[in-house]
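Novice: Residues per chain are reported as follows:
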Amino acid sequence: MKNFAVFKNATMGHEESIPILNIGEWRSRIVDACSDHSARIISMFGDRKSASTIRLFCVLASDLKGELLVSATDITDGSYPSLTVNLTEAHLFERELYEDLGVLPQGHPWLKPVRATQKHSFYSIKGDAIHEVAVGPVHAGVIEPGHFRFLCHGEKVFNLEIMLGYQRRGIEELIVSASPLKRMVLAESIAGDSVISHGLCYCHAIEGLAMRKISHRARAIRGIALEIERIANHIGDLGALANDVGFLPVASYFGAIRADFLNLLMELCGNRFGRSLLCPGGLRFDLTREMETTFRVQIEKSMQKVNDVLDIMFSTSSVLARLDNTGVVTQDIAKKTGMVGVAARACNLMRDARANHPSGIYRSKKTVIARASSGDVFARARVRALEIKKSHELIGEFLNKLPTEKVCFSINALNPSAMVISLVEGFRGETVHIARTNAHAGIFQYKIVDPSFHNWTGLEMALRDGQISDFPLCNKSFNLSYAGHDL
Amino acid sequence: MEYNFLCNIFILIVMPPFFVGVINRVKSIIAGRTGPPILQLYHDIFKLIKKNAVYSRSTSCIFRIVPLTSLLIVLCAGMLLPIASPSPISFQGDVILFVYLFALARFLTITAALDTASSFEGMGASREATYGALSEITIFIVLMTLVIIVKSLSLNKMLTHGQNVFVADPSVILLFLAFFFIMLTENSRMPIDDPHTHLELTMIHEVMILDYSGPDLGIILYGASIKLFVFMAFTAMIIFPCSEGPVWAGTGILFLKVLAVSIMTGLVESFTARIKLIRIPQMLIASFVLTLFALLITLFDQRML
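Listed in order, the protein sequences are those of chains S and W.
Here our numbering is used: the first residue of the first sequence is 1, the next is one more, and so on.
Here our numbering is used: the first residue of the second sequence is 1, the next is one more, and so on.
What the hints contain is simulated information worked out from the structure, not anything from laboratory work.
Please note that the accuracy of each hint is not assured.
Below, simulated DSSO-like cross-link-like pairs (lysine-lysine); rule was C-alpha separation at most 30 Å, straight line [what the hints assert, rightly or not]:
#1 S:K365 x S:K401
#2 S:K305 x S:K401
#3 W:K51 x S:K126
#4 S:K305 x S:K8
#5 S:K389 x W:K276
#6 S:K301 x S:K389
#7 S:K213 x S:K366
#8 W:K276 x S:K156
#9 S:K366 x S:K406
#10 S:K8 x S:K49
#11 S:K366 x S:K301
#12 W:K276 x S:K305
#13 S:K336 x S:K112
#14 W:K276 x S:K335
#15 S:K336 x W:K276
Residues from chain W shown here face chain S by an in silico Cβ test under 8 Å; the list is partial [stated by the list, open to error]:
#16 I29
#17 A31
#18 G32
#19 R33
#20 T34
#21 A117
#22 S119
#23 E206
#24 V268
#25 T272
#26 R274
#27 I275
#28 K276
Even for Gly, the Cβ is constructed at its ideal location relative to N, Cα and C.
Produce the complete structure using the sequences and hints provided.
Specialist: So this is what it looks like as structure tokens:
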């Protein structure tokens, strides 16, 4: 019997094809597949089959083969031996399952709530000279809410604990219960700065379930929008980094240039963040001939400025001295905690869904993965800078190969009893949406994994044994989403 | 004499916020922005003075008396300085009083920060105490070198145009550079501290005054600008000592000198990023070494003569 059902990104599979293993086998197959890090957990979720039975699913991504492996097990007594014991990257998913479904992973080292829905006690260290610094959930800037608890000895941080969940909206349940039109709006609101990433992920999921092929033109414009979102956010992040190290010229130039790119999205669909651009089946707005020219001209003009400012930023020694060796995450830790996106690539990991699990326009275009190796704030900034340049090239290629076609098709009925796994490499990293339909072809489960979900643990690790004054800089270099984590 | 002294005091009270505006303007021009008006700090101070203060329940009377007391202390220190004309309050050893008045003001600010029982302010207080202690040595060696050059322990003599023209002296240039860095440290400017950040975890001076509001905050901002002014004036006077001409000329020259130092500060702040907190002691030690060289050069010079 097969241990895993093999899925491809954004391609539908039938529920019956997923093997239901017994718990012991399910557990050992997952641990085996992930032990050498050739596969990694991208999602775990479950649903209640009956009063006593809970079916757990685990989705693994095999990056080299470009395959997504799914297997399931039925749990009858409400508990099972924890995966975290052998596989650290499962820790957050198991905590989430415990919190949402009440499945107890036996032997899990710390079943702290994932989202601050109930009271819990913070980790503490005893000692006269140890002091605790609590920051948030209300912050001094206009940012999202999150609570950070530092255990310090002077300036040195022993442990950082992050408590999130203040933005919990229950978006997965909302999507299931909403009408198809509303679902698109909800998907775009999962994380306000990743409208295209999450929106695209949702569209791919629905198109996969309906087996709807969309036109090449629509795919290319979607790709352009996704890369513009990436450029705009990366520029914003680099500007914020410069601001945090007090290097004002770069901070204000990048602040201004970011708007140039957001305005392109505005021109395309009327919203600076790309809301209402996408719909399952294609696009709501087409790129007109005049827009194509303005896009080309404007992007070249802005990229020239971007390259100049990047040169200033990465050639100023005081900036480099500040970023270098700050907030280091080793590759080993990045693998163990299952980090994704920019933060993982800064640890020299080849994790980029555009290259490993291509969907949409990326199927016809090989993407080069931008990487750095030092795992510090500098590496994360460097990866961002490289990706801005790569995205610029990609946009140019997409614009050059735009056929004249219809961009929107109606969507047929969804397939019953099916499941689709959709991965999109947003600017933060791999965004995963999993949709399941019941026998009447209605969506009954929608699972979302934002890249932030994996990476918050990475931020905690980056601060370990670091300086408390480095926290804001590390935080900016990860730039994780609170809303995307809290859902 | 009284007229001259009143003129000194008038400058000390009125001018300081202007130079903060100059620094900010230089920074915003380089960053490609228009930036706030040069007189913004005056508006801020007046606005804050008109407001009511809010006090945390965990604070005591220390917290309330510190802003005004430290403002007065800083003003006293400023009066010892020959600003537009030689100060009438002058005696042998007033340099030591000058330095320790600032130390007293710092002590009070630290005490008030600890009084709030906030973990942020505690961190800020510990940083301020550490870097303050490290910069103090450098200040004393700067003063010691000046004392050897002018052979007097009085600020007036040290910083007024006597028989010594400092400008061409290599040791004085070293002193100037070292003291410029100390000026940035003492006044929590870049690259030591970022006066514009809102990030509690990285601030030094700003984090200690987080709990202040209304008139108290206004007084603190005002006091900080006076301290900055006094330090910038002192830095400038190391290279261009105060002249003994008429008071209007003295005022004009002082204005230009401090303006030059403000612009220089703005430029330095624009073109450097903040250094890691853990590296600040290294920078302070570097400035200490500079002054040590200045001292050695001066001592050799004296022996040669």
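Novice: So, for every hint listed, does it hold in this structure?
Specialist: Evaluation of the provided hints:
Between the alpha carbons of S:K365 and S:K401 the distance comes to roughly 11 Å, so the proposed pair stays at or under 30 Å and holds. Restraint check: the Cα-Cα separation between S:K305 and S:K401 comes to about 25 Å, which is no more than 30 Å; the hinted pair holds. For the proposed pair W:K51 and S:K126, the alpha carbon gap of about 43 Å is over 30 Å, so the pair is violated. Straight-line distance between C-alpha atoms of S:K305 and S:K8 comes to about 39 Å, which puts the hinted pair past the 30 Å bound.
Distance check on the hinted pair: S:K389 and W:K276 sit about 29 Å apart at the alpha-carbon level, within 30 Å; holds. Taken as a hint, the S:K301 and S:K389 pair is honoured in the structure, with Cα atoms around 13 Å apart against an allowance of 30 Å. Restraint check for S:K213 and S:K366: the C-alpha separation of about 20 Å stays at or below 30 Å, so the hint holds. Under the criterion of a C-alpha separation no larger than 30 Å, the hint pairing W:K276 with S:K156 is consistent with the structure, at around 13 Å.
With a C-alpha separation of about 25 Å, the suggested pairing of S:K366 with S:K406 holds against the 30 Å cut-off. With a C-alpha separation of about 26 Å, the suggested pair S:K8 and S:K49 falls inside the 30 Å cut-off, and the hint holds. Restraint check for S:K366 and S:K301: satisfied, since their Cα atoms lie roughly 26 Å apart, inside the 30 Å limit. For the hint pairing W:K276 with S:K305, the CA-to-CA distance comes to about 28 Å; that is within 30 Å, so the pair holds.
Distance restraint check for S:K336 and S:K112: the Cα-Cα separation of roughly 19 Å lies within the 30 Å cut-off, and the hinted pair is therefore satisfied. Taking the CA atoms of W:K276 and S:K335, the gap is near 28 Å; set against the 30 Å cutoff, the hint holds. This hinted pair checks out: S:K336 and W:K276 have alpha carbons roughly 29 Å apart, not beyond 30 Å. A least Cβ separation of about 10 Å between W:I29 and chain S goes past the 8 Å threshold, and the interface hint is therefore violated.
For W:A31, the interface hint holds, the least distance from its beta-carbon to any beta-carbon of chain S being 4 Å, beneath 8 Å. Below 8 Å, beta-carbon pairs count as interface contacts, and W:G32 has one with chain S at about 6 Å; its hint therefore holds. The beta carbon of W:R33 is positioned within 8 Å of a beta carbon in chain S (closest approach about 6 Å), and the interface hint is therefore held. Annotation: interface hint on W:T34 violated; nearest CB of chain S at approximately 11 Å, more than 8 Å.
The interface hint given for W:A117 is broken, as the beta carbon of that residue sits about 12 Å from the closest beta carbon of chain S, more than 8 Å. Proximity of W:S119 to chain S holds as hinted, the smallest CB-CB distance being about 5 Å (cut-off 8 Å). Using the Cβ-Cβ criterion of 8 Å, the hint placing W:E206 at the interface with chain S is not satisfied: the shortest such distance is roughly 10 Å. Below 8 Å, beta-carbon pairs count as interface contacts, and W:V268 has none with chain S, the closest being about 10 Å; its hint is therefore violated.
A distance limit of 8 Å between C-beta atoms decides the matter here; for W:T272 the minimum to chain S is near 4 Å, and the interface restraint holds. Below 8 Å, beta-carbon pairs count as interface contacts, and W:R274 has one with chain S at about 4 Å; its hint therefore holds. Because the beta carbon of W:I275 sits about 7 Å from the nearest beta carbon in chain S, less than 8 Å, this interface hint is met. A distance limit of 8 Å between C-beta atoms decides the matter here; for W:K276 the minimum to chain S is near 6 Å, and the interface restraint holds.
This entry does not satisfy hints 3, 4, 16, 20, 21, 23, 24, going by the numbered hints stated previously.
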